[in-house]
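Just so you know, the protein sequences line up as chains V and W, in that order. Anchor point for the first sequence: position 67 equals 162 in the numbering used here, and the numbering is continuous, going up by one each time. Anchor point for the second sequence: position 85 equals 74 in the numbering used here, and the numbering is continuous, going up by one each time.
Mixed in with the good hints there might be a few duds.
[As the list claims (entries may be wrong)] Computed list of lysine to any residue pairs in SDA-like fashion (alpha-carbon distance at most 25 Å, straight line):
id : chain 1 : residue 1 : chain 2 : residue 2
1  : V       : K101      : W       : T27
2  : W       : K81       : V       : G215
3  : W       : K91       : V       : R132
4  : V       : K108      : W       : S153
5  : V       : K123      : V       : V142
6  : V       : K123      : W       : Y87
7  : W       : K81       : V       : D159
8  : W       : K81       : V       : H111
9  : W       : K91       : V       : A130
10 : V       : K101      : W       : H16
11 : V       : K101      : W       : D26
12 : W       : K91       : V       : E129
13 : V       : K101      : W       : D18
14 : V       : K147      : V       : H175
Simulated from the structure, these hints should not be mistaken for laboratory data.
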Amino acid sequence: MALIDKLRTAPVKELHLRSALCVEPNQKISAVIEAMRQANLGCAIVVDGENKLVGMFTEGIVRDQIAANPGFIEDRVAEHMASTFPRVKLDDTVDLVLDAMHANNTRFLCVVDDDGCVRGLTGQKGLMEFIAEHYPRQVMVQYVGGPKLPDQREGA
Amino acid sequence: MSDRTDRSVPAPEDDFPDPLEDYEPQHYDDPLEEALDTRTVLDLQTVPCETVPSTATIEAAVARLAAIEHSCLLVEDNGQLVGLFTDRDLLKRVALEYPRIKDQPLSSVMTADPVYVNEDDAAAAALHVIAVSGHRHVPVLKLDGTIAGVVTPRRITAFLIQHSKS
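Pulled out of the complex, with its shape left as it was, chain V reads as follows (with noise of 0.2 Å):
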């Protein structure tokens, strides 16, 4: 099947989905800052105690606060979370995570279930994994400072 339509017939839930952070509203913003460390994540899902999204809060925002205000990370994080944001359904097609990604100029995207519940995050590293798996070419990475190309030939 080409790329193009893998894009538009595979499901949200073929993408490596990653598990989300979910904090409560109260959480103070240094508290939800180390639990995004601890996951290796640019954003937390704040939902309320009956487990309803209420908002995102993402490293962009930590970003625009810190400059003009460091003693932020005090404030609660529902002071300065995202309160729209954008989701996709576990069904949703691959290209829908493409387009809310480009329409709300956002790297992350919560993925709910059909009652609504958090599944899942998913965005710009995962869209870009289920992209280079069904590329069907090779490429190359190289590092700044890594190991250097062989400048002698290999084998006989």
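The hints should help you fit chain W onto chain V, whose structure is shown.
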């Protein structure tokens, strides 16, 4: 009696196999695959990009990021890329320690030796770098090692949409 000339030099009428005789143009299953393979990273739009020296203070870099509303700064010394400073670096190494470390040089918290692509690499290379390394910003270097730009998540999604909807 043998004729040495006849053995060492092919006669003009001999068939010489053309190595490109069976060449067939590259076939692509869809326009997205073709764009990823034939377009270069420069087609992903790699500028504008912001650069700062590694000696800049963390405070200055954070202020710059916030002012331009970008999520990545390229760190360069003497025209050479030495690192990246991104939202993720800010979250992981700066956010909770900001008042204490804001006067330190950016080199202490940046991501050193990032993965990069060359300006004439295929667009697919940038996507694979993200998939393999997990970095969402991919610096683009010219062949002389100087900075040509940066591939960002937004630029990649715009490219994918352009070529998957066509």
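Results for each hint:
1. K101(V) to T27(W): holds (20 Å)
2. K81(W) to G215(V): holds (21 Å)
3. K91(W) to R132(V): Holds - the C-alpha atoms of R132(V) and K91(W) are around 19 Å apart, at most 25 Å.
4. K108(V) to S153(W): holds (21 Å)
5. K123(V) to V142(V): holds (14 Å)
6. K123(V) to Y87(W): The given pair, whose Cα atoms are some 16 Å apart, holds under the 25 Å limit.
7. K81(W) to D159(V): Status holds; Cα separation ~15 Å.
8. K81(W) to H111(V): holds (23 Å)
9. K91(W) to A130(V): holds (22 Å)
10. K101(V) to H16(W): Holds: K101(V) and H16(W) sit about 18 Å apart, inside 25 Å.
11. K101(V) to D26(W): holds (17 Å)
12. K91(W) to E129(V): This hinted pair holds, its Cα atoms lying about 19 Å apart.
13. K101(V) to D18(W): holds (12 Å)
14. K147(V) to H175(V): holds (18 Å)
The earlier numbered hints are all upheld by this structure, with none contradicted.
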